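Enquirer: Here are the chains, one letter per residue:
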Amino acid sequence: EPEVTQTPSHQVTQMGQEVILRCVPISNHLYFYWYRQILGQKVEFLVSFYNNEISEKSEIFDDQFSVERPDGSNFTLKIRSTKLEDSAMYFCASSFKGLANYNEQFFGPGTRLTVL
Amino acid sequence: GNSVTQMEGPVTLSEEAFLTINCTYTATGYPSLFWYVQYPGEGLQLLLKATKADDKGSNKGFEATYRKETTSFHLEKGSVQVSDSAVYFCALSDRDAGNMLTFGGGTRLMVKP
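Protein chains in written order, with my numbering: chain A, 147 to 262; chain B, -17 to 95.
In case anyone wonders, no lab produced these hints; they're calculated from the structure.
Here the structure is a predicted model, which means the values were calculated and not measured.
Please note that the accuracy of each hint is not assured.
[Stated by the list, open to error] Quick partial rundown of chain A residues pointing at chain B, CB under 10 Å, derived from the structure:
1. Y179
2. D208
3. K243
The beta carbon of each residue, even a glycine, is placed where N, CA and C say it ideally should be.
Chain B with its partners taken away, still in its complex shape (with noise of 0.2 Å):
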């Protein structure tokens, strides 16, 4: 089955910092990657997406690039501040396995001032 890796928090870092958050997957089809990130107390939002191998996402400043051959799809901010504080969640979407999304298990990012 379908299963997204995320690597666990949280991951706390000094604004204006790089950030990398690394995830993983495992696919029977050709899927549709995406980055959701939930705020405190609020639900989840798109961040980004990919639908295809090479393409780059990007928005806010964050950018993830869809790499079928390392099965991966790693998010980068290259400059992180205090208001991008919350949970990210790495997700696909297979479309021979349905239309639901499978999550990864989510990541903490924490800026410090």
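The following block holds chain A by itself, in its conformation from the complex (with noise of 0.2 Å):
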């Protein structure tokens, strides 16, 4: 069964310094999808991006976040300098479809990201 993979599954990084998290989307998906969860807290959007643009971001999502598909099958988040509050599980998701009557998306296993 088709799914949605993550790397790395944990990353550790220092603040002040840049993350690239990765994704790689179900393949014949289009809409693509950056969420986190802070610990202990609910999930929270933060991108989404189709056609190779962003189609919306939340609040959350600054200047010092940037999302790229920079080939056929990856799909990343950059964190340019990276705040203790950054520190949360990244989860990337993708869905066929976005403006249809429901929206499915599938979701990958998560990045944990602590930064220090």
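Since each chain comes alone in its own frame, lean on the hints to assemble the complex.
Expert: Laid out in structure tokens, this is it:
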């Protein structure tokens, strides 16, 4: 069964460093997403991406964040200068349709980012 | 804006007990509703979904009915197992508000043998 994969599973970094979180969405999916979950809190939407551009973003997704689809398979989230409060589990998701009656998103296993 | 409210946990049950996890929502449009499950150390998995009023989503013995009149999507299971111990998230997707999922706070379920 196709699945979304994410690497690494755990990333430890120093405050102020850049990190890139990687995702491989399901191959025929067209819409890609990043969410984050700070420990013990709810899952929060960060950004959605379609047709090689950002389609929506939340207020969390500020100038420190960027996303890219560098080739036909990978989808990346970059944090330019990490802060302690960026420590969270980051989930990638993908879906085939966006504007549909329902929007089933398939999630990866997550990358746990720890900023020291 | 859209929001999802779930009953706070943890919910602790004995094996074979009946489970209800309440979920209510606020949406500007006509949302689709989902339950996701997160097992310890794992990511989110879609458990069930419903796309229109009175639809019943079901999977692995879990059920939830889309109630437009009460804006609710309560999760139920007739007989829980230890293996059901996980965090359950109610979520909605509203086409009028973009493609993102809006999640509730999650409810931790602990089932004891």
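Enquirer: Each hint should be assessed against the structure and marked as holding or not.
Expert: Against the structure, the hints come out as follows:
Because the smallest distance between the Cβ of A/Y179 and any Cβ of chain B comes to about 7 Å, under 10 Å, the interface hint for this residue holds. The restraint placing A/D208 at the interface with chain B is violated, with a minimum CB-CB distance near 17 Å, outside the 10 Å limit. Given hint, A/K243 at the interface with chain B, holds; its Cβ is 9 Å from that chain's nearest Cβ, closer than 10 Å.
The structure fails hint 2 only (numbered hints given earlier).
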